[in-house]
Every structure is written in structure tokens, then in C-alpha cells.
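Required output: the full structure, derived from the provided sequences and hints.
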Amino acid sequence: MKGYLGVDVGSVTTKLALLDENEQLIASIYLRTQGNPVNMVKQGLREIQKQISPEVEISGVATTGSGRYLAGVLVGADLVKNEITTHAVAAMQHISDVQTIFEIGGQDSKIIIIRDGVVIDFGMNSVCAAGTGSFLEHQAERLNVKIEDFGGHALRSENPARIAGRCTVFAESDMIHKQQLGYPLDDIIYGLCQSLIRNYLNNVALGKQIQPRLVFQGGVAFNKGIIRAFNEVFDSEVYVPPHNELMGAIGAAILVHEEMEIKQNHHKSNFKGFGVSDVEFKTSSFICKACPNLCEISQISGNGKVLARWGGRCDMWERVPES
Amino acid sequence: MRVGFPHFGNVYIPVKAMTRRLGAADGEVIIPPPITQRTLDLGVKYSPQEACLPYKLTLGSLIEACELGADTLIQARGTGICRLGYYAKGQEQMLQDLGYNAHFLTLDVSHNKFISIMRLIRDMSNNIPWREIIPAFFFGIGKLFALDKIEKVVQKVRAVEVEKGTASRIYREAINAVDEATESKEVKEITKEYIHKVIQVPKDPVADPLKVGIVGEIYVVIEPFANMDIEVELGKLGIEVERTMTLSRWIKYSLFLNYLGVDEWREVHKLAGPYIDHDIGGDGWESVGEKVLYAHEGFDGVIHLAPFTCMPEIVAENIMTSTKEDIPVLAVTCDEQQSKQGMLTHLEAFVDLIGFRRRKREHGRRV
Chain A
436 MKGYLGVDVG
446 SVTTKLALLD
456 ENEQLIASIY
466 LRTQGNPVNM
476 VKQGLREIQK
486 QISPEVEISG
496 VATTGSGRYL
506 AGVLVGADLV
516 KNEITTHAVA
526 AMQHISDVQT
536 IFEIGGQDSK
546 IIIIRDGVVI
556 DFGMNSVCAA
566 GTGSFLEHQA
576 ERLNVKIEDF
586 GGHALRSENP
596 ARIAGRCTVF
606 AESDMIHKQQ
616 LGYPLDDIIY
626 GLCQSLIRNY
636 LNNVALGKQI
646 QPRLVFQGGV
656 AFNKGIIRAF
666 NEVFDSEVYV
676 PPHNELMGAI
686 GAAILVHEEM
696 EIKQNHHKSN
706 FKGFGVSDVE
716 FKTSSFICKA
726 CPNLCEISQI
736 SGNGKVLARW
746 GGRCDMWERV
756 PES
Chain B
674 MRVGFPHFGN
684 VYIPVKAMTR
694 RLGAADGEVI
704 IPPPITQRTL
714 DLGVKYSPQE
724 ACLPYKLTLG
734 SLIEACELGA
744 DTLIQARGTG
754 ICRLGYYAKG
764 QEQMLQDLGY
774 NAHFLTLDVS
784 HNKFISIMRL
794 IRDMSNNIPW
804 REIIPAFFFG
814 IGKLFALDKI
824 EKVVQKVRAV
834 EVEKGTASRI
844 YREAINAVDE
854 ATESKEVKEI
864 TKEYIHKVIQ
874 VPKDPVADPL
884 KVGIVGEIYV
894 VIEPFANMDI
904 EVELGKLGIE
914 VERTMTLSRW
924 IKYSLFLNYL
934 GVDEWREVHK
944 LAGPYIDHDI
954 GGDGWESVGE
964 KVLYAHEGFD
974 GVIHLAPFTC
984 MPEIVAENIM
994 TSTKEDIPVL
1004 AVTCDEQQSK
1014 QGMLTHLEAF
1024 VDLIGFRRRK
1034 REHGRRV
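Top line first, the protein sequences correspond to chains A and B.
If you're matching positions, the first sequence starts at 436 in the working numbering and goes up one per residue.
If you're matching positions, the second sequence starts at 674 in the working numbering and goes up one per residue.
Hints are computed from structural coordinates only; laboratory data are not their basis.
Ideal Cβ placement from N, Cα and C applies to all residues, glycine included.
Please note: incorrect hints may appear among the correct ones.
As the list claims (entries may be wrong) - Under the rule of at most 27 Å between Cα atoms (straight-line distance), these lysine-lysine pairs were calculated in the DSSO-like manner:
1. K689(B) to K703(A)
2. K1013(B) to K643(A)
3. K689(B) to K837(B)
4. K740(A) to K689(B)
5. K643(A) to K581(A)
6. K837(B) to K707(A)
Stated by the list, open to error - Partial chain B-side listing against chain A, Cβ under 7 Å, derived:
7. E1021
8. D1025
9. R1030
10. R1032
11. K1033
Unchecked claim - Restraint-style ranges between C-beta atoms, simulated for each label pair:
12. Q469(A) to E940(B): 55 to 63 Å
13. Q486(A) to Q873(B): 48 to 56 Å
14. R675(B) to R577(A): 57 to 65 Å
15. R675(B) to I645(A): 55 to 63 Å
16. E940(B) to E753(A): 47 to 55 Å
17. E753(A) to M674(B): 52 to 60 Å
18. D714(B) to I645(A): 36 to 44 Å
19. D952(B) to C726(A): 37 to 45 Å
Shown next as C-alpha cells:
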């Protein structure tokens, strides 16, 4: 049996999804990146291998997410795709009438506008943490609430506290202020959810033509409080697909399936095999002093051999020494 | 007098050519080092935070010229354009605060540009007679025309070359060769030679590249450092790039043909007409019109480059989203906070978007 693997390395979590020839999910794993994408990809591969029968042959592998280039080198990707495209592809495959995708992940948030099965517009916030999952996680920690229980608290709120959400710094001081005034925990938590949505809609989604069906995916879609906040803003219900957290990885797997099969690209997959998890990878960085640009170059080596380099303004370091 | 000026695309090439031709002694004209991260850091450090990227980069470049001993600096001025009108005043003040007592010579870019530029050259050249200045000037700008001509071909070849980076490498060689040339005839030969070289680059025979038009504020559109080499990056993604705005075009019209009543933007302004019918400063009006133009010409997409906080382009961006011409637009904001990785993710997604769109139109499916 043939399998197509999608690897989504985000800043907070690492997701792997394995599809069969009919693009059905046969194995998946969801891990925390913990600032160590190399180890998480290796661990993810081990977990996937455990879940499948040895007959499954990996016929294509694609990487996505902010760690896609690194992961691509690690696993031997046939395709390296940006996370906007993979999320859109997965949603369109599963929800044929989708017109708007909200995706809120750990460190970034996106909106994708689709009409007639084609992406026509997108927005992405790649640096501001105020509209993302890590913001919620950080505040949960401060309130001493487990992030998993966040949604339950939010649903119980009747008079949500109004919390400034433009910037995490202000949100935090505002939240502490409300705490000191004695606001109930439930109301503070739901207030945070509302402020996140307000920030998201005023930022990433500003000026976008949001039309149903609305699909909400990414790790934050697990949070019932955020869904409630979304539903209060829009007339139509926000739909959270099953495997919302895996959509990036699923989209990558779908795309590599198309790449390898539908296009009749009869190349053998570059997949380095599950044995990759035993290779010693090392990442390092240095400052190139060839000109006053002083670019920071990062590199990855496996078993002592440099595999790839990134980060220069020019292409001086892009070519990896052949060996 | 030791004259310095800020970098802006290939502007330094005609300046160098002209001054050499007019027999300037060593050190009379100071060409600052190419724009690098250091230039940007200097500019950012000594600019108001909300100033736009072109202000910061030109200030950084002027500081680097002063470090090499420039005592007279050239900067643009004008009325009714945008913050550019205040660049010279603000930068002069800042350089004085830094202890450089440089004198500013300004070039009026809103009225009577030809007279303004000629006067500037004469002010700098110790009253060399016009009969020497004029041919030197034409020799200088001839080099710009040559380079823009080569670059047009490079923009096409980058998209389809087999080995990525080849056309850009040849273009860099061409810049050096044109820069070194001492005669107009030589410039012509070099142009022909390098265009031939670029055309000869091995290309993917079946490639049918997507076409993207670049519009926006002139400095960030023309200066590759400011837009993080967006044209080269698009080339790597297999995209053919076209842009109307070039230095040679500006010279051709602003310094000559406008005087004969030829308005290079007439068509573009007419196309923008239903949405905006007057100048909003900077290049905002043109950006809107060019978006419509590229849609009419069947391009697959438009990339709109704007410096962060650039009012004319912000207005243009918002008008563009509501024009009826159906063409995807990617707005790219250029400033010192923008990470190249973030820009590349946006570019990749945009390229997928326009690719899906074309395939859907041509074959009715995404793949």
C-alpha cells in the first residue's frame, strides 16, 4: 500500500499526517516542538512508524510550516510548501463549500479567502503574538488554568470582561487590573478570547471579504471559548473540521500525492526512510563577514556533513558543498 | 568640493560616468559604499521611527558618504509629492547634529526637472561650459538606458532559466562592464553583447511562466535592497516580472518628453479614472492605474510595494481592493522590521494562488 506523508513543523507544535492513496488519514501524530524541531520530526517519524503496518510504502513526503525547509532536509521532502497553501488545500478537500478559512496557530494566524475552489486572497500575521495561541497559553499560565480547561471556563462566562487586545503587553496589564478588581475567572477568560478575536479580525482579517462557509482550523480551534467568540461576531456558525490541528500536514500530504501521482511524475520519493530518526543532526549558525550585511547563516549537518544552509541576502552560502 | 549622494538603484553609474568625463579629480565625487545592513542600521538609528524606508536608507547612505569625506550632498526636493519634500531638510538637520557640516544641493523633482538638474550639475562643476556638460550628461544617462534594457531581458529569463541565478549573475557582470565603459559606442556594444548572453542562457523549453507586474512607490520598487530582491526571489519561483517604473523611463519623460507635452502616465491615469481621478501624492495614482493596466494585459498578478507608513500607497492599496478588474494583488510592506523569511512565505503562497487560478481557468482544475 502506498502512503503519502505530510510534515507540518510549526513554531509551537509539530504535526505529521499519513494518507493512503485515497487520501484517507491512516496515521497521525501531534507533538510540541519545544524549540527543537529536529528532535520532534525524528520522534514524529518514530511514532508514525509504530502506527502503521510494514506494508505501507512512503511514496511521497512533503513539509510545511515555518520549519518546512529544515524539516524538508531532514526527511528528504519531495515537496516543500508554504502553510497558507497547505491549509487551503486541506480545507477545500474536506469542506467543498468553504469560502473563508480562519487558521490560528501557536505563533501566527492566517485568513484565507476561497471562491469556487480557488484561493483568491489571504492574509497572514507572522510576527505579532497578540492574535495567536501562545498568547492564550501564556495568559492561562498566569491565571493558573490549564489551557485544555480554558474553553470550559469561557463557556460559563455571562459578563465577559473587556480586555484590551491590541498588544499582549496591554492585554496582560489590563487582565491583571481586572483580576485585582475581583472579576470572576470565567469572565476574564472569555474576555481574553474576545480580545483575541477582536485583534485577529482587526488585524489579519481587515478588509477581507468574509463569507460563509466559515471554517476554523489550527490548534486554537480546540478552544471552545474562541469558537464562541467567533460565533458571536458572525451570523453563520464557524465550522471546525475533524483533525483541525492536522490540516497543514494533511494539505501537504494531499499536494505531494498530486505531485507524485496525478502529474504522473514517476520519480521515486526522496524520503530518507524512518531510519532518519537514528541519524545525528546538528544545527548551528554563524555570521558571514564577507560584506557589511553581516547575514546570519544557519546550517544543518547530518553525521558531520553539511546538508543545507539558509539566511543569506545573497546566494553565496546557498550552494551546499557536494561530497 | 566633495560631492556625495545617496544610493538609488544604478544612479551612481551615470554620476560616475559624467564626473569622469568632466575631468573631476579623485575624491571630488564620493560614491558611498553599496547599501548594506550597515547603511540601514545607520539610517534607522538616526531617523524618526515612523519615517519611511526610503528616508532611512538615503540618510544611511548620506552618512556613509560623509564618513568618506563628502561636504556637499545631493538630495531630491519637491512640492506636493509626499514626505520626500522634507527629506533634505530633515536629513541636513540630522547630519549637522551628528557633526557633519555638509551643504545640501537639492534637485527639484516636481517642477522644471531638466533645468533643475542642469543647474545642479553646473553648481557642482566649477562653471564648466554647457558644451561640455551636455554631452557628458548624455553619456552618463546612456548607461542607465543600457542597463534598464538589459534588465528587461533578465526579468524574463530569470523565470525560465534551468540553473537559477545565471541571469542575475550575468546582469551583475553587465552592470560592471557598463560602469567601466568610457565611450558611448562601447556602451552600445556591451549592451548588445550582454543581451545576447542573457538570451543564450539555457532555458526550460516547456515553461510557460506566470507573469506578475510590480507597482508601487518608486524607491522601493527600484532599489533591490529596499524590496529584499523581490524580483530575484520571484525569478527563483519561476515568475516573469515586469515593471514600468525604471530610472531611464523617469529620465526620458521627466527631463525631456514632458516638455513636449507627452505625459507617460496619461493612459495609466485614464485607467485609474473610475476609481481615482487626481494625484494623491507619491506614486499612489499610478499604482492604481497600473493595477488596472496589468489586469487588461492579462497578467496573472500584481505585487504592490509600499514603504511602511507611506500615505499615498496606503490610500492606493485600499482603492485597489475595490476596483472591478479581477487580478490578485499582493501588498508587500517594506521596512526594517520586515523579515525576508516572512516575505518569502507570502510570495510562495501568492505564486500558488495565481498558479491555481490560471490552471483553474485553463483546465478547470487546480492541478
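Hint by hint, here is what the structure shows:
Only pairs whose Cα atoms come within 27 Å are accepted, and K689(B) paired with K703(A) is rejected, the gap being roughly 55 Å. Of the pairs offered as hints, the one joining K1013(B) and K643(A) holds, with about 24 Å between alpha carbons and a cut-off of 27 Å not exceeded. For a cut-off of 27 Å, the pair hint linking K689(B) to K837(B) is broken: about 31 Å separates their Cα positions. With a C-alpha separation of about 46 Å, the suggested pair K740(A) and K689(B) falls outside the 27 Å cut-off, and the hint is violated.
Distance check on the hinted pair: K643(A) and K581(A) sit about 33 Å apart at the alpha-carbon level, beyond 27 Å; violated. Between K837(B) and K707(A), the direct Cα distance comes to roughly 25 Å. Compliance with the 27 Å bound is thereby established for this hinted pair. Hint status for E1021(B) relative to chain A: holds, with the closest Cβ pair at about 4 Å, below 7 Å. With 7 Å as the threshold, the beta carbon of D1025(B) comes within range of chain A, its nearest partner Cβ sitting at about 4 Å, so the hint holds.
The interface hint given for R1030(B) is met, as the beta carbon of that residue sits about 5 Å from the closest beta carbon of chain A, less than 7 Å. The criterion of a C-beta within 7 Å of any C-beta in chain A is not met by R1032(B), whose closest approach is roughly 9 Å, and the hint is violated. Interface hint status for K1033(B): upheld, as the beta-carbon distance to the closest one in chain A is roughly 5 Å, under 7 Å. A hinted range of 55 to 63 Å holds for the C-beta pair Q469(A) and E940(B), which are about 57 Å apart.
The given range of 48 to 56 Å is respected by Q486(A) and Q873(B), whose C-beta atoms sit roughly 53 Å from each other. Look at R675(B) against R577(A): about 59 Å separates their beta carbons, and that is inside 57 to 65 Å. The hinted window of 55 to 63 Å between R675(B) and I645(A) holds, with their beta carbons roughly 58 Å apart. Taking 47 to 55 Å as the suggested C-beta distance range, the pair E940(B) and E753(A) does not conform, at roughly 40 Å.
For E753(A) paired with M674(B), a C-beta distance near 43 Å fails the hint of 52 to 60 Å. At about 40 Å, the beta-carbon gap between D714(B) and I645(A) stays in the expected band of 36 to 44 Å. Here the CB-CB span from D952(B) to C726(A) is close to 39 Å, well matched to the stated 37 to 45 Å.
Hint compliance for this structure: hints 1, 3, 4, 5, 10, 16, 17 are not met, and every other hint is.
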